[in-house]
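Novice: Guided by the hints, dock chain S onto chain Z, whose structure is given.
Chain by chain, the residues:
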Amino acid sequence: MYYWILFLTSALLTIGSSVLMLWTKNLIHSCIFLLGSLIGIAGLYLSLGADFVAVTQIMVYVGGIVILMLFAMMLTGGKDFVSKRQKILDLIPLMGNKKSLIWASLVAFVFLLSQALLLMKIFSSVKVLDEVSAYSPSVEKIGELLITSHELAFELSSVLLLGALVGAAIIARPKKGRGN
Amino acid sequence: MAPLSAYLSISAFLFVTGLAIMIYRKNIIAILLGIELILNSAALNFVAYSKYVTGDLDGHIFSLFIIVVAAAEAAVGLAIVIRFFQLKETIHIDEAIELRN
Numbered sequence: 001m002y003y004w005i006l007f008l009t010s011a012l013l014t015i016g017s018s019v020l021m022l023w024t025k026n027l028i029h030s031c032i033f034l035l036g037s038l039i040g041i042a043g044l045y046l047s048l049g050a051d052f053v054a055v056t057q058i059m060v061y062v063g064g065i066v067i068l069m070l071f072a073m074m075l076t077g078g079k080d081f082v083s084k085r086q087k088i089l090d091l092i093p094l095m096g097n098k099k100s101l102i103w104a105s106l107v108a109f110v111f112l113l114s115q116a117l118l119l120m121k122i123f124s125s126v127k128v129l130d131e132v133s134a135y136s137p138s139v140e141k142i143g144e145l146l147i148t149s150h151e152l153a154f155e156l157s158s159v160l161l162l163g164a165l166v167g168a169a170i171i172a173r174p175k176k177g178r179g180n
Numbered sequence: 001m002a003p004l005s006a007y008l009s010i011s012a013f014l015f016v017t018g019l020a021i022m023i024y025r026k027n028i029i030a031i032l033l034g035i036e037l038i039l040n041s042a043a044l045n046f047v048a049y050s051k052y053v054t055g056d057l058d059g060h061i062f063s064l065f066i067i068v069v070a071a072a073e074a075a076v077g078l079a080i081v082i083r084f085f086q087l088k089e090t091i092h093i094d095e096a097i098e099l100r101n
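Residue numbers (this note's numbering), protein chains in the order written: chain Z, 1 to 180; chain S, 1 to 101.
Just chain Z, same shape as in the assembly:
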């Protein structure tokens, strides 16, 4: 019962927020809807029994990335926030004539069909567990896994974060004294 309430509200929040994010014209509203969608995904993680991932999702995304995006929007001025609505036909890039468009859509259709057949074969070979494991706290096991079998990736991600920190600071710094 609680599971279904959690699952349905999270799924509705996720899907509705992502549709509204595409629909709205204002960039800041779009960012706020991204917030709703991320919280909904955290609820879906909770319904799957992934408590640590859900809390990390809320801490990193809601507390970090969305705030960072809002800061970047504020710093880059207000005149580009409201985008003009375009016609969908203007989005097709200018590539040749009608014949090339028809050929391209044909090739894309055949490609997607073959991919879908391949994926169907893979999906039908996946065996879903008969008995889904019961909910249990996962923090301790994740901590053990992170420092035993996944330690190399753990350390590499710390190096990646350090590199991203230094790189972001260097890129965003205005260059002085070079005639720029």
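Hints in this document: simulated from the structure, not taken from any laboratory.
Each hint should be verified, as a subset may be incorrect.
One side only, chain Z facing chain S, incomplete, derived with CB under 10 Å [said to hold, decoys possible]:
hint: 1; residue: ILE41
hint: 2; residue: VAL110
hint: 3; residue: LEU113
hint: 4; residue: SER138
hint: 5; residue: LEU145
hint: 6; residue: LEU161
hint: 7; residue: ALA169
Below are the DSS-like pairs computed for lysine-lysine, each with C-alpha atoms no more than 25 Å apart in a straight line [claimed, not checked]:
hint: 8; chain 1: S; residue 1: LYS26; chain 2: Z; residue 2: LYS25
hint: 9; chain 1: S; residue 1: LYS88; chain 2: Z; residue 2: LYS25
hint: 10; chain 1: S; residue 1: LYS88; chain 2: Z; residue 2: LYS175
We treat Cβ as the ideally placed atom computed from N, Cα and C, and that holds for glycine.
Specialist: Coordinates of chain S only, in the frame set by chain Z:
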């Protein structure tokens, strides 16, 4: 519990929405928002398969690493956006044409 296909459908829907945002919007920050949605749909798939198919916690670890990489990518991407705004006074994607031709 809801079947595995429910989670996979939500994830596929999120992926398509993120891709549509990346194509439809002409603002660089909006494109970054679409990328965040796509990364989240991949992480959701990992956790769902970990619950329904393998039964261990490796999928959780993978989605934690996806969150880490997304944070790094957002930091560097927003730094590039701010630098681009300092140079161009706009963040419209059609202004980035130096490498064309």
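Novice: Need the status of pair S:LYS88, Z:LYS25: alpha-carbon distance at most 25 Å?
Specialist: 23 Å, holds
Novice: With 10 Å as the cut and Cβ atoms as the points, is Z:ALA169 at the interface with chain S?
Specialist: 8 Å, holds
Novice: Next item in the hint list is Z:LEU113. Is there a CB on chain S closer than 10 Å to its CB?
Specialist: 17 Å, violated
Novice: S:LYS26 and Z:LYS25 were given as a pair; does the straight-line alpha-carbon distance stay at or below 25 Å?
Specialist: 11 Å, holds
Novice: Hold the hint about Z:ILE41 up to the distance rule: shortest CB distance to chain S must be less than 10 Å.
Specialist: 5 Å, holds
Novice: Please verify that hint: Z:LEU145, Cβ, nearest Cβ of chain S, below 10 Å or not.
Specialist: The hint holds - Z:LEU145 has a Cβ within 10 Å of chain S, the shortest such distance being about 6 Å.
Novice: Taking the least C-beta to C-beta distance, is Z:VAL110 closer than 10 Å to chain S?
Specialist: Interface hint status for Z:VAL110: violated (20 Å vs cutoff 10 Å).
Novice: Against chain S, with CB atoms and a cut of 10 Å, does the hint on Z:LEU161 hold up?
Specialist: 6 Å, holds
Novice: Should the hint that Z:SER138 touches chain S count as held when the rule is a Cβ pair under 10 Å?
Specialist: 6 Å, holds
Novice: Please work out if S:LYS88 and Z:LYS175 have their alpha carbons no farther apart than 25 Å.
Specialist: 15 Å, holds
Comparing the model with each earlier hint shows violations of hints 2 and 3; every other hint is respected.
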